[in-house]
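Order-wise, the sequence lines are chains A and B. In terms of the numbering used here, the first sequence has 67 at position 67, counting the first letter as 1, and numbering is strictly consecutive. In terms of the numbering used here, the second sequence has 74 at position 74, counting the first letter as 1, and numbering is strictly consecutive.
This list has only true hints and no planted wrong ones.
Okay, derived cross-link-like pairs now, SDA-like style, lysine to any residue, Cα gap no bigger than 20 Å in a straight line: (1) A:Lys141 with B:Asp83; (2) B:Lys108 with A:Glu127; (3) B:Lys20 with A:Asp60; (4) A:Lys118 with B:Gly100; (5) A:Lys139 with B:Asp83; (6) A:Lys122 with B:Asp123; (7) A:Lys92 with B:Asp19; (8) A:Lys21 with B:Asp151; (9) A:Lys85 with A:Tyr6; (10) B:Lys20 with A:Leu39; (11) A:Lys37 with B:Pro16; (12) A:Lys136 with B:Ala110; (13) A:Lys92 with B:Arg17; (14) B:Lys108 with B:Phe81; (15) A:Lys20 with B:Asp150; (16) A:Lys113 with A:Ala128; (17) A:Lys37 with B:Asp150; (18) B:Lys94 with B:Gly10; (19) A:Lys139 with B:Asp150; (20) A:Lys21 with B:Asp150; (21) A:Lys136 with A:Asp112.
These aren't lab readings, by the way, just hints derived from the structure by calculation. All values derive from a computational prediction rather than experimental measurement.
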Amino acid sequence: MKKFKYNANTPVAVILAAFKKKAAAATNCDSKARVQKSLDWDAKFEGQNLGEMADAALTDPEFDQSWELWYLYFFGADTEVECRKKGLLLIKDPMMAFQVYLTYDWLTDEEDKLLEEKFKGKLPTAEAELRDGIVKRAKWK
Amino acid sequence: MEVTGWKGAGTAVNAPRGDKTDWFDMNNAKVDDNDYAFNVPGKPDYGDWLRLTDFGFGEGDIPSGSTIDGIEVQYKRVADFADFINDSAMYLRKTSGQVGDNNASATKWATSKETATYGASDDKWGTTWAESDIVDNSDFGIDLSIYNSDDELRCGWVYYCQIRIYYTAPAADHRKSSFFKMF
Numbered sequence: 001m002k003k004f005k006y007n008a009n010t011p012v013a014v015i016l017a018a019f020k021k022k023a024a025a026a027t028n029c030d031s032k033a034r035v036q037k038s039l040d041w042d043a044k045f046e047g048q049n050l051g052e053m054a055d056a057a058l059t060d061p062e063f064d065q066s067w068e069l070w071y072l073y074f075f076g077a078d079t080e081v082e083c084r085k086k087g088l089l090l091i092k093d094p095m096m097a098f099q100v101y102l103t104y105d106w107l108t109d110e111e112d113k114l115l116e117e118k119f120k121g122k123l124p125t126a127e128a129e130l131r132d133g134i135v136k137r138a139k140w141k
Numbered sequence: 001m002e003v004t005g006w007k008g009a010g011t012a013v014n015a016p017r018g019d020k021t022d023w024f025d026m027n028n029a030k031v032d033d034n035d036y037a038f039n040v041p042g043k044p045d046y047g048d049w050l051r052l053t054d055f056g057f058g059e060g061d062i063p064s065g066s067t068i069d070g071i072e073v074q075y076k077r078v079a080d081f082a083d084f085i086n087d088s089a090m091y092l093r094k095t096s097g098q099v100g101d102n103n104a105s106a107t108k109w110a111t112s113k114e115t116a117t118y119g120a121s122d123d124k125w126g127t128t129w130a131e132s133d134i135v136d137n138s139d140f141g142i143d144l145s146i147y148n149s150d151d152e153l154r155c156g157w158v159y160y161c162q163i164r165i166y167y168t169a170p171a172a173d174h175r176k177s178s179f180f181k182m183f
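All chains, full assembly: derive it from the sequences and hints.
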C-alpha cells in the first residue's frame, strides 16, 4: 500500500515551505503576483493543518480554484486520497475538472466520480471527444 | 436548407472572467491576416473572455421569416507550445449574454496555424434562435476563454474567427406570386 507524504493532518507550514520554493522559480511578473496571492491566502492557515485549510477554502470567496490545480500538479500524487478528495471539491469549473480527470493517472474511482459530477452534461464537445478517443485519459493509457 | 457566407466580427474586446489574464490585441481577431489576439493564462488556469460580436448578418444574408437551423464557428489559432493550451469555455451570445451549451473542446491547440470548426448545419448550440437574435443584431457573437494545463506560462493566439448560419427560408407566397403573374 502506498505511503503518502501529505495528509489532512500535515501542517500547512510544510506545504507552504515547499510551495515557496516553486514560487521562487516563477520568472514572469504576472505569474509571480498570482503565486504571491495564493501564498498570502495559504499563510492565514500557517498554524493549522491541510484538512482545516481545505475546509475553509470551500466557503471562502477569496479562494481561487486554480490554486487547487497548482496543489494537485505539485503535490497531488503524494497526498493521501481522503485529503485529496477535499481538494477536488474546490474545483467548480467544468473544464478544469475535465482536465484533472484527463491528466492524472493516480485518481481513484471515487475521485473519478467526484470529477465526473462536475463536468458530465456540461461539456458536450469535450465529452464527445473523450467518448470518441480524440482526447485520452492518462489513467486509461 | 441554405447557408450564409462566413462573416468576421465587427467588435472584439477582452471581457473579465474573474481575476484572470487579459487578451491583448483583440482587434486582430476581426481580420483574416497574419496578426493575432493573444492570451497567456496562468499556470494552470483559464484566462478572460475573447468576446467577438457584431458579425453583420443582415436580411440580405438571412431573409425575413427564416428559421435558424444551425450555427458553425471557425477559429484560426495556434499555441506557442504543444499539449498545453485548449479551450476552457465557449458560448454563443445573444443580447441577453451567453446562451446555450459550453461548446469548448478539450483538444490541445496545435503549434502551427490550424482552423478549428465548431457546431454544424443542425447544431443550435443547445438553445433556440429567433431571426432577430442574429439579423441586424450587433450583440450576436461568441465568447472564448482558453486554458493552460502546464505549470509554465503558455500562450494561445487567435488569428481570426468567422461564423456562418444555416437557415430555412420561408416558403414563397404562391397566391401572391400568381396574382402578380397575371399582370
